[in-house]
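Participant: If you read the sequence shown in the working numbering, its first letter stands for residue 540, the second for the next number, and so on.
Mixed in with the good hints there might be a few duds.
[Unchecked claim] Think about it this way: if two alpha-carbon atoms lie no more than 27 angstroms apart in a straight line, the pair counts; the simulated BS3-like pairs of lysine-lysine are: (1) Lys635 x Lys676; (2) Lys757 x Lys618; (3) Lys735 x Lys754; (4) Lys695 x Lys618; (5) Lys676 x Lys720.
Quick caveat, the hints were computed from the structure, so don't treat them as lab data.
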Amino acid sequence: MDDFIKRTTLQTFERNLNYKFNNISLLNEALTHASFANEHKIDYDYERLEVLGDSLLGFIIVDFLFNSYPELREGEISKIKSFVVSEPVLAKASAKINASEFIQLGRGEEQNGGKNKPSILADIFEAIVSAIYLDSKKIEFAYEFVIHNLHPEIIKFTQKDEGINHKSVLQEYSLKNYGVKPSYRLIKTLGPEHDKTFIMAVEINEVQLGTGMAKVRKEAEQISAANAYKHIMEIENEDKPPLK
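Turn these sequences into a full structure, and let the hints guide you.
Facilitator: Structure follows, in structure tokens:
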């Protein structure tokens, strides 16, 4: 393992990934930039893994959107996927798991700030997806890693995108998981009769999960639904039951 990052260092990084490798050399390869390989005269780097990871990532995101958001049309799925697999989003996800601390770079690339380059961080994320898939020989582990790290970005995008019907998203989720439809109620209105602002709340099983405020009642309901869905997903990521 002369050319490897020290095994103890890799094991530290494994905890960030929430995955333990059987073949630790795959993780080492996923963290090795071509500049390091050239400098140290080794015959591997992350580029092949990155190519496979790119395809795996696209499949996982589309499969997740297809099954989790049945109301989305083809164009909406493509739009969300393009955003989620974009360089800035993947670089952010890579930074979140502190990948920059473990990347192996050549001296020149490191001096040029390679550890913080979005392009390198995004490539590393894709290479890690591929390494997990090849190590486990199952898509499920790579799937879990991707969705755990990128689902918050999907939620953010759908909240910002006016083309997403947040009430439909929440209703589909509620019916599937709790067997009931969400209910909406008016909390109060603000302002004069000719210029009202509506504050709406959404509940599932009589538990209030989100509120929204807008000049139009239906828009306030959409905002409350988006906030409720985000709240549920955040709780699920903490492995807690979202509702009593």
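Participant: Each of the hints needs a verdict: does it hold here or not?
Facilitator: Each hint, compared with the structure:
no.: 1; hint: Lys635 x Lys676; result: holds (25 angstroms)
no.: 2; hint: Lys757 x Lys618; result: holds (24 angstroms)
no.: 3; hint: Lys735 x Lys754; result: holds (6 angstroms)
no.: 4; hint: Lys695 x Lys618; result: holds (13 angstroms)
no.: 5; hint: Lys676 x Lys720; result: violated (39 angstroms)
Checked against the numbered hints listed earlier, the structure breaks hint 5 alone; every other hint is satisfied.
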